[in-house]
Each structure stands twice: as structure tokens, then as C-alpha cells.
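First to last, the protein sequences are chains A and B. Be aware that the first sequence starts at 0, since it is given in numbering that gives the first Met the number 0, and climbs by one per residue. Be aware that the second sequence starts at 0, since it is given in numbering that gives the first Met the number 0, and climbs by one per residue.
Calculated from the structure, these hints are not laboratory results. You may find that some hints are simply not true.
Claimed, not checked - With a straight-line cut-off of 20 angstroms between C-alpha atoms, the simulated EDC-like cross-links for lysine to aspartate or glutamate are:
#1 B:LYS130 to B:ASP142
#2 B:LYS359 to B:GLU333
#3 B:LYS130 to B:GLU208
#4 B:LYS130 to A:ASP85
#5 B:LYS359 to A:GLU120
#6 B:LYS359 to B:GLU294
None of the values given here were measured: they were computed from a predicted structure.
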Amino acid sequence: MLDRVRERIVAQGEASEFGQTLARAMPVAEVPAAGADELSDAGAGWSGGLLESAVGKHVASVGPVETGPLLWRRVQVSIYGRVLADSASRRRLWPLGAAGAAAAAIFLLMLLRQGTIRTPEIVFTDLASAPNVDFAILRYGAPR
Amino acid sequence: MHPATSARPAGRSRAIAALRSVMGVALLAVAVVAQGAPAKSAVPQPAPITSVALSLQSIYQAPLQQDHTMVQRRRFFSGQGLIATVREQLIVDANGTPSPNFELSYISVEGQLPGSPADLQWAQTYATHAKSFYLDASFHIRDLAQAQQNYTLHSFAPVVRANRSATRVVIFPARLDKAIWVVDVDMQTSLPLYAAEFDRQFRLLSEVEVLSCVLTAQLPPSPPSSSTVVSTVYNSFSAALTQFESADALVEPDSLSVGEYQLSSVSVREDLLNQRRSLQLTYTDGVDEFFVIEEPGAAHPFAGLPSQQGAAGANANTIARYSDHSMRVLLFWEDGVSFQLAGRGALARLDAFARDVYTKALLD
Numbered sequence: 000m001l002d003r004v005r006e007r008i009v010a011q012g013e014a015s016e017f018g019q020t021l022a023r024a025m026p027v028a029e030v031p032a033a034g035a036d037e038l039s040d041a042g043a044g045w046s047g048g049l050l051e052s053a054v055g056k057h058v059a060s061v062g063p064v065e066t067g068p069l070l071w072r073r074v075q076v077s078i079y080g081r082v083l084a085d086s087a088s089r090r091r092l093w094p095l096g097a098a099g100a101a102a103a104a105i106f107l108l109m110l111l112r113q114g115t116i117r118t119p120e121i122v123f124t125d126l127a128s129a130p131n132v133d134f135a136i137l138r139y140g141a142p143r
Numbered sequence: 000m001h002p003a004t005s006a007r008p009a010g011r012s013r014a015i016a017a018l019r020s021v022m023g024v025a026l027l028a029v030a031v032v033a034q035g036a037p038a039k040s041a042v043p044q045p046a047p048i049t050s051v052a053l054s055l056q057s058i059y060q061a062p063l064q065q066d067h068t069m070v071q072r073r074r075f076f077s078g079q080g081l082i083a084t085v086r087e088q089l090i091v092d093a094n095g096t097p098s099p100n101f102e103l104s105y106i107s108v109e110g111q112l113p114g115s116p117a118d119l120q121w122a123q124t125y126a127t128h129a130k131s132f133y134l135d136a137s138f139h140i141r142d143l144a145q146a147q148q149n150y151t152l153h154s155f156a157p158v159v160r161a162n163r164s165a166t167r168v169v170i171f172p173a174r175l176d177k178a179i180w181v182v183d184v185d186m187q188t189s190l191p192l193y194a195a196e197f198d199r200q201f202r203l204l205s206e207v208e209v210l211s212c213v214l215t216a217q218l219p220p221s222p223p224s225s226s227t228v229v230s231t232v233y234n235s236f237s238a239a240l241t242q243f244e245s246a247d248a249l250v251e252p253d254s255l256s257v258g259e260y261q262l263s264s265v266s267v268r269e270d271l272l273n274q275r276r277s278l279q280l281t282y283t284d285g286v287d288e289f290f291v292i293e294e295p296g297a298a299h300p301f302a303g304l305p306s307q308q309g310a311a312g313a314n315a316n317t318i319a320r321y322s323d324h325s326m327r328v329l330l331f332w333e334d335g336v337s338f339q340l341a342g343r344g345a346l347a348r349l350d351a352f353a354r355d356v357y358t359k360a361l362l363d
């Protein structure tokens, strides 16, 4: 499976802009016939200046690609780490959501129980004359 | 005890109160002189009398300790400017308590012949309300601690009243939505010999003038009372509720909404004619008073008024209000109980208090 993943990565790299730029700069040499000198024939399709440059020497000196169980283990750890991190962040959000839902439910229950509390509308109506109450007699005396 | 003023610095509030009282004293001097009341005597001063140190405390204690019989004139000022002057006799048999034995009896009304319809009407009015005239329509220091907190006393001038040496004082309130009192206090006994009530525009609202004073008291045998109302005082609102069959609709007002006024008495009044009972709560600030009267079983007087229909179509609750410079009365009804709040005309805070009581009655 790892090989197939690697092949897909290589194919995507070749198809990318960077891969196309490299292909134009370094055309693929023809496969030499059997017995021919590999170095001299392989370099026939290469630019002589590129091979002799620091880039060519660096490319030639790159070590073999790391493969095997160790690399796959590293990929596994990386993937598992990302999965665990995502689940942890979802666990942190879950209590907040639950608390908000509970608060909304309690508030709704309180409203349903008590009904809508509305301040009573009270109006003042002014009287033109003093009402017939005892206090009026204390202040004004007997009616006259 | 609720403080009389808001949370302003104490020094500033005292300075403001002192300035107001000085201005009030000066203006009252002009008002009293214009009324024709004798501010200075033309009669030679009598021999010096050992005078009691004049203070709110001495005025408060005088009726509690000193028997006295007075003939006095009481003037009533109606809203239409009519003045009625009634002559009455007051006999107080002091017993050392704030509730002395007393009798206030009608003598005559000035300008009316004995036996005239007006004379008979006044006689009947006194037969029914004489007790209230003395307790609620006369000047008293009702609570000394509250009076000392809410009023200041200013000595003004020596006068002669009822042939006795007296000192004219002004008892000035800390808040101007209540009456200012000009009182002639007897130098010997600290009994009030004259009391005039002014509002903050210095309009005269009531007046009681002693014509003669004798420092003895002999109460006549109590005649059969012609009053049809019997009043019983209780210690608390809950104790008074036991006298009502349907006490659920009665409301105990929240005393925190009336500031320096405190509940001073709870009484149940029963009309012997129709067996109807009413609950009366009396609030005082030491001198001034207002009343809350709740009467179960009363019909709704405003059921058919257009104001009952609010703008949204829902019933609006109505408080009927009458207010002039002398009196403020608010009436409303809820759940079979008629409510009445009554106090001095300047006490505009009664409107908010009535709204609070009505709101509490509606939400209960």
C-alpha cells in the first residue's frame, strides 16, 4: 500500500507545475543499449552544464529513498496524532454545547410554568371634586 | 429608621436644610404678620416665668404629662376658599402615655345661630369625628425620634397667647413635600397654644388657636356615643387580619417605598350600621401622617369607565386621584377590596405608593 501511495505522490508531483519545469530543464535520456557505458550514455540526454553544476552533483549525491517499516511507523504516528488532537478538541466543545442546551431548556420550562409576566397597566384619573371620604372632613370640615 | 434624605454628604444636606429653614422662617414671619396674628404683644410682659427648655422633646412630652382644659378655635379652609371657624373644648387627662384620655366637644360655629341647620350639621360632624379631629387634624409630635430626624425647630419670637407667655417656633421639615408648622408653645408647660399649618407656598391650610387654657382636667362622664364607627387598634397587620373573613385580598404595603414614613398603627374600623369593616394603616414621619384604608366587600366604582379599556384592548386598572394644596386622595379597587390612600396635598409621593400597592394587589 505504501508503494501505491508513493507512486501516486510521484505522479502528482510530475503533473504539477514544478514537475513540468524540471522535465523541461532535464529531458529524459534514452535508455542505452545493453553493454553500453551507463554514465556516458545516460548523460547524452542531459545538459552538460547541469551535470557539472552543483545541482547535478547534489542530485547525484542524494542517498537512497527511505522505505520500510520505520517510515510507515512514522506516518502512522503522525496520522494518529492528528486524529487524537481533533477528537480532543471536539471533547472540549461538547460540555459547552450541552450546558447551553440545558440552560435553554430550563429557561423555557420556567417561562411555560409562570407564563408571561407583564407589569399591570395602571392609569390615573383625576377627579374634579373631593371624594366623600373621612379625610376630606378632617381637612375641610363639614360639607357646605 | 429610614434616613430622611438621600445619600448626599451629611454636611451638605444639613447646610441645605438649614438654609431652607432660615428662608422659611423669614417668609413665615411676613406671612403670619400679614394674617394679623399677634407676633408682638402690646400688653406689658407678665412676670418672668420659669420656662421649660424648648425642644421637640418638651413639646412631645407636654401632653403626656400635663392635664389641661382648653377652649379653642379651629379654622377649616375648603378647596373653594371658604373658611369655617368652629369653637370647641378640649379636655386632656394626661396619663404619661402617648394615648391620654381626652374629649373634644363642639361648642358653636362662628356666624351661625344656635340651632341653625349649619350649627346642627357641625354638631353632628363633631359627634362623629371629634376623636379624629384631635388625633389626626391637630398638631402633635407623634413620634419623637422620627420628628427629631425629619424636622428642625427654630425659635422665632416671644408672644402672648391665651394670656400666657409663649414662644413662637417654626417646625421645618427636611423635605418640602409636607407641611411647615408655626406653633406658639407655652413657656411654662410647652403645650401648643397655637398651631398653623402652611404649605411650601406659605398658604395657610389649617389653624387651631387656644382662647383659654386651664392646667386641670376633669373629664365628664362618657355620654352614649352617637358615633356609629368603632375602632380597635392592633399590634400588627397580621393580627388585624384575623378580624376579616376574606383576608386574602387585603394587601400589606411595602413600607420601604414610603421613605421616612413608618407604620405607626393598624386599626380595624367597624360601621355598626352595616357591619362593614375596614382596615386602616397609619403612617407617620413624626409629625405628618397619611392613611391607607382597605375595605373588603366594596363594589367596583370604576367598572364602567372608558379608562378601563386600554389602548391594546385589555382592561386598564384605574386609580382615581383628587389633589389640591390641602389634600391628596387616591382610590382604587381590586378583587372585591376598595383601597383609599389619603394624605396632605403636597405629598406627591403618595401617587407612587398607591401604584405600588395596586400593583401588589394585582399580582397577588
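Evaluated hints:
A distance of roughly 19 angstroms separates the Cα atoms of LYS130 (chain B) and ASP142 (chain B); the hinted pair therefore holds under the 20 angstroms criterion. Under the criterion of a C-alpha separation no larger than 20 angstroms, the hint pairing LYS359 (chain B) with GLU333 (chain B) is consistent with the structure, at around 10 angstroms. Taking the CA atoms of LYS130 (chain B) and GLU208 (chain B), the gap is near 18 angstroms; set against the 20 angstroms cutoff, the hint holds. With a C-alpha separation of about 86 angstroms, the suggested pair LYS130 (chain B) and ASP85 (chain A) falls outside the 20 angstroms cut-off, and the hint is violated.
Under the criterion of a C-alpha separation no larger than 20 angstroms, the hint pairing LYS359 (chain B) with GLU120 (chain A) is consistent with the structure, at around 12 angstroms. This hinted pair checks out: LYS359 (chain B) and GLU294 (chain B) have alpha carbons roughly 16 angstroms apart, not beyond 20 angstroms.
Violated hints amount to a single one, hint 4; each of the other numbered hints is respected by the structure.
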